[in-house]
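Colleague: Take a look at the letters that make up each chain.
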Amino acid sequence: VTGERKVKQRALTVIAPVRPGATQDLRAVLANIGKRLDSDPDLRFRESPSTHFARFVLVTDSGPEDRLVFTSTHDGSWREYLQELVRTTGRGMDTIWQFCSPYRPGDALRMESWTRFVKAHQQREQMFFAAYPGVSTYAVMNNARLRAALEQLLENASPNTLQTLSSLLSADMHVQRKRRTADTKTPAWAGRLIEHLVGIDQSPGNPNTRMRSAPPVTMLEDHGAHNALTIVAPIKNSWWPRLFLHLLLGIGHLTVRRAWGSLSGITSIHFARWLILDRKGTLLFESNYDGNWESYIDEFVDVSSSGLNGIWANCVGFPPRGCRDLESLKDVIRRHQHPVPLFYSAYPMLTVKNILADNSLSVALHALLNSGDIAQVLAGSYETVL
Amino acid sequence: MKKNHTTGEIFSAGLADDLGDLQGLILSGYNHLDHVAYWFLHFSRPTLSRAWLAALLPHVTTGDWRQPDGRVGKPETTLNLAFTPHGLAALSFPSASLQSFPEEFLTGMSAPERSRRLGDTGASAPACWEIGTPEREAVAPIDVLVILQAPTPERLRELEDIWQVHHGHHEVSAHAPVQIGALLSTEREHFGFADGISQPEISGSPGRSQSPTDTVAAGEFVLGYLNAYTMLPPTPTVPALADPRHGLPPVRHRQAEGTRDFGRNGTYLVFRKLAQDVAAFRRYVHAHEPPEARGLLAAKMVGRWPSGAPLVWAPTADDLAFSHAPQNNTFSYHLDDPDGLRCPIGAHIRRAHPRDGLERDATQSLLTTSRHRIIRRGIPYGPPLPEGVFEDDGQERGLFFVCLNADIKRQFEFIQQTWMNDPKFAGLSHDRDPLVGDNLDPTAPDALPRHLTIQASPFRKRYTNLPRFVRVRGGGYFFMPSMAALRFLAGSQTVSEGKEANG
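Chains as they are written, first to last, in the working numbering: chain A, 1 to 386; chain B, 1001 to 1503.
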């Protein structure tokens, strides 16, 4: 039985300008690698034990030059992670970053030059959310395997054994249910205040609006249990929205650190980050969410409309009536959403709820097997108990 | 399945004043009329389609059931209409204005990306359908769905004969054979369970609500009224120039000047023909449990007993004390069964309508579910499989699933994709709706596990390799216009004339 080891999850964001005229070629390269990421010999995230999620996104309609954005969510220290990337993804990174002007060929192959490059081009996030902080990639996958093994055990047990176990474990004695405790939901009064401050219009609105989906984005969605969302939107050009956004993300960053399982009540987000770029002119948001885009946005609006309004009303083009104007909201999101041609997930078939459940199971089993008497009994050392 | 309707009730935000403008099916399933015919028609000569519609108009059943003498009486037979985009175009609906309809309505139910959402794969894929298959759509696309309802098969037959002649005169042909549905004598669906118990109430209709959680904003089901987000639902519009007679109301917003509201008092109708493999269902239950436990397994799949009694109230055996309103519908997952020990988390009724049990927060859960409701108007077809029979008799049987909603994507499709067919629903891993989900299809095998997990203490019980009991045989997305919009489409009458014809 192993001991506990705490890890810290971190967000890495690297942004660099694409060489003039190279965008089309880069797009093709990303799409090509993205399609066969599982078997790519040069970009082996699967061999990087610290990576939870990673993605490349081309941002082409914001600012004077096109940019390549690489983000990943990883366990452990920054330095160790860069080392790991050189080892498992160096050649792939080299192929991709060559399309960016400040990158010199070969930089990603050596720790020293790679560190220098990343240091020069990484951006710090204003706010970072993790649904299961402290649970490493390894633990997520390990817990899932543990659960599958237990299910198998139950499956293969003879009906008699199960019957005996059931009757011996008198249910009432053992049921001790834990309700979710940590809740980062915005209180109603704060929500109203936020909506007031960003000037949300409460009237019914124009029914003569219609959303159109963006095919290149939708084509890449719904291929596993979760999807990747990247939004890049211009922030309103005035002091108040910019100040307010900074304040809100600052407060948010402190609050979501306590979160376990849900971002402001939303239970379908694994990780999310918010970055303010371009001297306060641009907001970049990315999330790894479970299920389909429509239901993700719907859940966001159902559960956390004030948070959504508070942040996004500071951006150009946000519907004046806020996110309850669902049609306009979805429209503006699709317009600012960037396709994610290269998306990696370490555990593509697991949802947040799966991971939390597996984690509880694993914690409980560890506790059980680590409690002295039981451990000895199960180990066959009856005499020590007697 | 259906709800009795009496007029004279006060609906929210002006709906009461517009009863005569609504098609009656929105407010009532016509409980007293057990026999239904669905006609999927194609306008072979579009130039005659307007005349066809104009002649039909006075016979369309509205929500206003007052007789000439002022008394309110149930209609003896009913007729309702709904159109596809192709049908609207054939009726000279301005083609540019079609873009004001939602994408899912324009692409239709059989589009590949919709099949992925709806789980219409394998033998349920549109290519295998009887109604609305792409192959047939290319030759004689569905333009209009006509729904007739009558108290007896004979009366229904009479109606069909009358209208058949009318269709012939206007070169209106059949896309698919007429589909006849009828309530079974048991008043249950083919698997043997009472159906249609939980039905949302349109907000503001007093005295009928079984539970406040079932009262939903009018704009969730009728365009032109505030919806669950206190917004007016997006509505199809036409330029004012296209409506010189001012038959359509103006769009209720100052930024929408110059446009007229084609959608107000209309709604979207979803039709699906769902074949039920009753023998396979019985065989599965039979093979997996000893005689005394079979009833419970079937009930666990549904979430109710055959009588309709919910497992939340009657966890071990059917109990007639809970089989009728309001007991059959007033229960809380959050308070009475948060862990699914009575009604499994993945049971059919818990997926289709999760009530207050979607998240640990009951209030939040109620808000969320109130935004994904549908009004169901379905009816079974085909003869029942006799009791005790375990082999298929080759007869077709199933359910005509019909539902009404203001937003197909957010209501019908959301329920289908995110609640019924999502293996990850509410923290599950490999389960889909055990009754109607896209479970193992022998004609389209894949490697994904299909489980049914029945929560129990101390160990859950898991059934594996659940087969698909319900196959999709056809379907489509339709728009059911208001009377004013029908008159606009027929292009023949002014508003005042229309009202007379309708009175």
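Calculated directly from the structure, the hints in this document are not laboratory data. By construction, the Cβ of each residue, glycine as well, lies at the ideal position given by its N, Cα and C atoms. Honestly, I wouldn't trust all of these hints.
Facing chain B, a subset of chain A residues (Cβ under 10 Å, in silico) [unchecked claim]: (1) 48; (2) 255; (3) 259; (4) 262; (5) 291; (6) 302.
Among chain B residues calculated to face chain A with C-beta under 7 Å, some are [what the hints assert, rightly or not]: (7) 1258; (8) 1323; (9) 1324; (10) 1325; (11) 1329; (12) 1370; (13) 1424; (14) 1430.
To spell it out: a stretch of chain B is covered by chain A in this simulated footprint if at least three of its residues, at any positions, have a beta carbon under 8 Å from a beta carbon of chain A; those stretches are [said to hold, decoys possible]: (15) 1023-1036; (16) 1055-1067; (17) 1094-1106; (18) 1139-1152; (19) 1179-1186; (20) 1476-1487.
Colleague: Please go over all the hints and tell whether each is borne out by the structure.
Modeller: Hint check:
1. Below 10 Å, beta-carbon pairs count as interface contacts, and residue 48 of chain A has none with chain B, the closest being about 25 Å; its hint is therefore violated.
2. Proximity of residue 255 of chain A to chain B is violated relative to the hint, the smallest CB-CB distance being about 18 Å (cut-off 10 Å).
3. At about 15 Å, the closest approach between the beta carbon of residue 259 of chain A and any beta carbon in chain B exceeds 10 Å, and the interface hint on this residue is violated.
4. At its closest, the beta carbon of residue 262 of chain A sits 9 Å from a beta carbon of chain B; the interface hint therefore holds under the 10 Å criterion.
5. With 10 Å as the threshold, the beta carbon of residue 291 of chain A comes within range of chain B, its nearest partner Cβ sitting at about 6 Å, so the hint holds.
6. Below 10 Å, beta-carbon pairs count as interface contacts, and residue 302 of chain A has one with chain B at about 4 Å; its hint therefore holds.
7. Among the interface hints, the one on residue 1258 of chain B is violated; its C-beta lies about 10 Å from the nearest C-beta in chain A, farther than the 7 Å criterion.
8. Proximity of residue 1323 of chain B to chain A is violated relative to the hint, the smallest CB-CB distance being about 28 Å (cut-off 7 Å).
9. A least Cβ separation of about 32 Å between residue 1324 of chain B and chain A goes past the 7 Å threshold, and the interface hint is therefore violated.
10. The restraint placing residue 1325 of chain B at the interface with chain A is violated, with a minimum CB-CB distance near 28 Å, outside the 7 Å limit.
11. With a least beta-carbon distance of about 23 Å to chain A, the hint placing residue 1329 of chain B at the interface is violated under the 7 Å criterion.
12. Because the smallest distance between the Cβ of residue 1370 of chain B and any Cβ of chain A comes to about 9 Å, over 7 Å, the interface hint for this residue is violated.
13. Taking 7 Å as the C-beta cut-off, the interface hint given for residue 1424 of chain B holds, the closest approach to chain A being about 5 Å.
14. With a cut of 7 Å, the hint placing residue 1430 of chain B at the interface with chain A is violated, because the nearest CB-to-CB distance is about 9 Å.
15. Counting residues of the segment 1023-1036 of chain B whose CB lies closer than 8 Å to any CB of chain A gives 0, which falls below the minimum of 3, so the coverage claim is violated.
16. As drawn, the segment 1055-1067 of chain B meets chain A at 0 residues by the rule of a beta-carbon pair under 8 Å; below three, the given contact is violated.
17. Three residues within the 8 Å Cβ limit are the bar, and the segment 1094-1106 of chain B against chain A gives 5, so the coverage statement holds.
18. Proximity of the segment 1139-1152 of chain B to chain A, defined as three or more residues with a beta carbon under 8 Å from a beta carbon of that chain, is not established by the 0 residues found.
19. Check on the segment 1179-1186 of chain B: 0 of its residues sit with their Cβ under 8 Å from a Cβ of chain A, so the three-residue criterion for coverage is violated.
20. Coverage of the segment 1476-1487 of chain B by chain A is violated [criterion: at least 3 residues with CB-CB distance below 8 Å; count 0].
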